[in-house]
Structures are given as structure tokens and as C-alpha cells.
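Please construct the entire structure, taking both the sequences and the accompanying hints into account.
From first to last, the protein sequence lines stand for chains L and Y.
With this note's numbering, letter number 154 in the first sequence gets 154, and the count goes up by one each step, no holes.
With this note's numbering, letter number 182 in the second sequence gets 182, and the count goes up by one each step, no holes.
Warning: the hint list may mix true and false statements.
What the hints assert, rightly or not - Coverage of chain Y stretches by chain L, computed from C-beta distances (three or more under 8 angstroms per stretch; other residues unrestricted): (1) 94-106; (2) 114-120.
Said to hold, decoys possible - Beyond 10 angstroms from chain L on every Cβ pair, some chain Y residues (computed): (3) His43; (4) Arg149; (5) Gly162; (6) Phe227.
To be verified - With a cut-off of at most 27 angstroms between alpha-carbon atoms, the simulated BS3-like pairs for lysine-lysine come out as follows: (7) Lys168(L) with Lys144(L); (8) Lys122(Y) with Lys200(L); (9) Lys45(L) with Lys13(L); (10) Lys69(L) with Lys244(L); (11) Lys192(Y) with Lys122(Y); (12) Lys166(L) with Lys200(L); (13) Lys78(Y) with Lys177(L); (14) Lys78(Y) with Lys200(L); (15) Lys200(L) with Lys107(L).
Worth flagging that the hints you see were computed from the coordinates, not collected in a lab.
Even for Gly, the Cβ is constructed at its ideal location relative to N, Cα and C.
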Amino acid sequence: MAKPVVILVGADKGGVGKTTVTRALLDYFTAHNVPTRAFDTEAPKGTLKRFHPDITDVVDVTSTPDQMKIFDTLAVTDVTVIDVRAGLLATTLRMLRDIGFLETAKKHQIAFAMFHILGPSIASLEEISETATFMSDANYFLVKNFINNTTFFEWDPATYNNYFKKIKGAQEITVPKLNEMACEQVELASVSFVSFVANKAANGSPASYSFVLRGYVRHWLGTVWAEFDRAGVMDIVTPEVQRKVAAR
Amino acid sequence: MLQSESRETTAPMDRQTPVFIVCSPLPHVGKTLIARLLVEYLHADDRAVAAFDLNPDDYTLAALLPEHTAIANIADTKGQMALFDQLIVADGLAKVVDLGYACFERFFSIMQDIEFEAEAQKRGIVPVILFVAEPDTHSIQAYGNLQDRFPELSIVPVLNAGAGTPMRPRSGFKPNYALIPLHIPLLTPALKATLQRSGLLSASADNVSAYNTAELRAWLRRLFLQFRELELRLMLEALMPTLKFGA
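Here you go:
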């Protein structure tokens, strides 16, 4: 059986674009024909579920039944993506340690990756330091997300590099800004980026989104996926899964 | 890997929609005159045409041909949608864009970002760039850049004898494929003045009388023949892949 892959997308600070990155990631795996499911930890309402309703469950990651729902069922699909709500990243990592998940990942029985979305403040760099203690055997991606017009002005490059080097093998991913109106229209349409580009409504019927806005989204998503390719995101997926995907 | 849905908007093979983009990175080289002449040509050929004036400093084309021309502004996303969402419709209606020099870079950046070229190809839309070829370094570089950015697009140099710069060799402007440069012959000052104050030549009695002068008719005939030849060459380009010897 292929080794399950678990990807956490998180940041302790809110409004840095975690869900946007998760959506791009889900589209990326779908485009590569990798069976993927997602958990939206914005319980009870959920945000991610609005864009990927077929593959997303809303959970409370702090509750034991929901932790069981996620981690006792990892074998049902190849990739599990968890969009961790603001403020819960450290708690979630501690929980993963406590249930023995991190130990299992250390023994390479599970592939574990973390997408850490960085905000513009120094606090974001300090988060790296805290998170690093849990991540010794995980694939660690530091994501600079410019989608919200973030400027990262507070960072001194030397300081950033100092934090960055604390995590062995960490990869940096840059998510560029998406045209504001395009971003807003995808939100209003409540569909995945790929559906918006393909001019499809939430129920799969043809929509009438602006060609210009679809073009902006297509261009942006292509750039983000190129970053995922460059950083080796598909390499997280185990060779067994890659062989299955290639055979499909 | 990213694909757009286009089935519902794809034009039938026998009906293509031309989009002529008249441009130059320089001011005062005759772009509006050429755009206007294209509208005249299409109208004289009984074809419906929509023109777009992108000259924020001076909307001359919109003033001369108000019934056929819309003012466009691509400074913000709404304006970009208003323009490009019309240019990408495969409705058989010919479009002419009079692209002011100040909008040159922005227009083509947007076109590249939204992957207009690929989508146009899927929908049976034929964009043609008519580039007013002035023999200065900036123009030559801009022309080369366009060829690099839009390798599949038809880019045609236009040599305007009436432009400000004296005629010099335009060796830096090689047209794509089997296209040949267009030559705008020199216009006498009197005819130029007539054109500058007239609306669509076939639209009113006064304009018809201006149009009926032998000199203007002869001048227009030379131009219209070149436009016709350009369209034939574009059709031939489109047919080439279907010909056994054309591969």
C-alpha cells in the first residue's frame, strides 16, 4: 500500500492567505490526478469547504472525535490536506506529537509536509523558530504569500535567513499577488480556481465569468503551480502514488 | 496543464473574427489614420465593424467615427474587462483597436497575462498587429519584443509615408510568416485635411462628395487593395496546416 501523505497548511496569524494556498494546492493535486481529501478546521462554518465541497470536511481539530476522523482514516486516500485555522498551528503540532503522528512520520510510515504561510511581521519569523522544533523529519515549505498585498517590509534578509536555516531542507515558495477583482470574483463564485478558469459554476454548468478575470486567475495559478513544481511539492507524494498516478 | 473551457464559445471554422490592433510605441506616426482607414475598408466591404479608441489624451477616432467607435480605458480592471471581454467574443464582427502609444506596453502586458493569443486561437479569432514601423531604436526593439512575446501572432509592419520621420530603410521590421508590409502612400495636405474633418466617407452626402474626388478614390483604392491582400494572406496562413505540402 502507498504511504499516506499528510500536508498541514497553517500559520499562527490570521489573514495571511492559508486557505488561498490550500485551494491552489488542492487544484494542483487534482490536476496531477492525485486522489486528495481536505479538512477545513474553521469549524463550525468552514471556509475551504465552500470552494472544494466534494472533497472537504469541516472539523474541530481540537476535539478527539474529529482528530480520529482525520488520522484514523489516512489510508482512504493518497493525500490529506489540513487547512489549520489561525491560532491553532502550535496546538495542532503538539497534538500530532502527542498522538504519536510525528514519531510515525519519523519512521517514514507516513509522509508529512508543512506549508507555513508567513505574514509580514517579525512575529512570523518567530513562528518559524517555534515550529521548527516539531519538524525535524518533515518536508517544510515556507510560503511568502503576496496575494494580500503583503510587502514583507519588516524583514531584514539576514534575520530571515537565520530563521530559515533553522529548518534543514526547508524550501521557500513565493505566491504572487492575484488581481484584486479576479480574487473577489472567485470568492463570489465560490468555486475552485480551476473551475473558474474553465468557466464553470459550482454545479458544473457553464458560467459567464469575465475572460479577463479568468485570464488573470489562469496566469496566477500557473505561476503558483510552477513554484510548487520548483520546490518539489510532487516529490512529497511517494513513488508508489506517483506510479499509480502515471498509470491512470 | 491549465485549460480553459471554450467549447460553448468556439466559432465555426468558416466564420473567423478578425481583431486588428494598430499600434506603435511612438506618438504621431499615423495610428489613428490607419485605424480609421481599416474601419472605412471594412464598412465599404459591407462588414460590421467595432472600433476601440485607446488614446487617453485625444480620442480622435471616437470623435470622427462615433457610431462605430467606443472609448476604452485599460488603466483599471473594469476597463480591461470592458475591452478584452469584447475582443475575445467570436461573433464575426471585425474589431479595430486604435492603440495609443501611452497604452502600448500595458495593453500587450495584459494580453500576455490573460493569454489572449491562445484563447483567440481556440475561438477562431484572428488577432493581427499592425505596427507602424518607424526606423528608430525604440520602435525596432518594441517590434522585436512583440514577436518574441507573441510568436504565433500575425505582426505586420506598416510603412507610413506620411509619418513625421523621413523615409529610411526599415530593415529591422521583418513580418511574420508570408505577410508583407503595408505601405501607406503619401497624402496631399488637402486630402489629409478632408479626411481629418470627415466622418465615415460613405455615410453622408458631404463625405460622399469628398470620397468621389478621383485623387482620394485612387489613394484609398491602393490601400484597400493592400488590406484585401493582407486578409487573403491571413486566410492562406490559416489554411496552410490543412494542405499536404504546407506542413
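Hints and how they fare:
1. 94-106: violated (count 0)
2. 114-120: holds (count 4)
3. His43: Per Cβ check, His43(Y) is outside 10 angstroms of chain L; nearest 27 angstroms; holds.
4. Arg149: 13 angstroms, holds
5. Gly162: 35 angstroms, holds
6. Phe227: Fine: 27 angstroms to the nearest Cβ keeps Phe227(Y) off the interface.
7. Lys168(L) with Lys144(L): 18 angstroms, holds
8. Lys122(Y) with Lys200(L): 17 angstroms, holds
9. Lys45(L) with Lys13(L): Holds - the C-alpha atoms of Lys13(L) and Lys45(L) are around 19 angstroms apart, at most 27 angstroms.
10. Lys69(L) with Lys244(L): 25 angstroms, holds
11. Lys192(Y) with Lys122(Y): Answer violated: Lys192(Y) to Lys122(Y) is near 40 angstroms, above 27 angstroms.
12. Lys166(L) with Lys200(L): Cα-Cα ~43 angstroms, so violated.
13. Lys78(Y) with Lys177(L): 18 angstroms, holds
14. Lys78(Y) with Lys200(L): 21 angstroms, holds
15. Lys200(L) with Lys107(L): 43 angstroms, violated
The structure does not agree with the numbered hints 1, 11, 12 and 15 stated previously, though it agrees with the rest.
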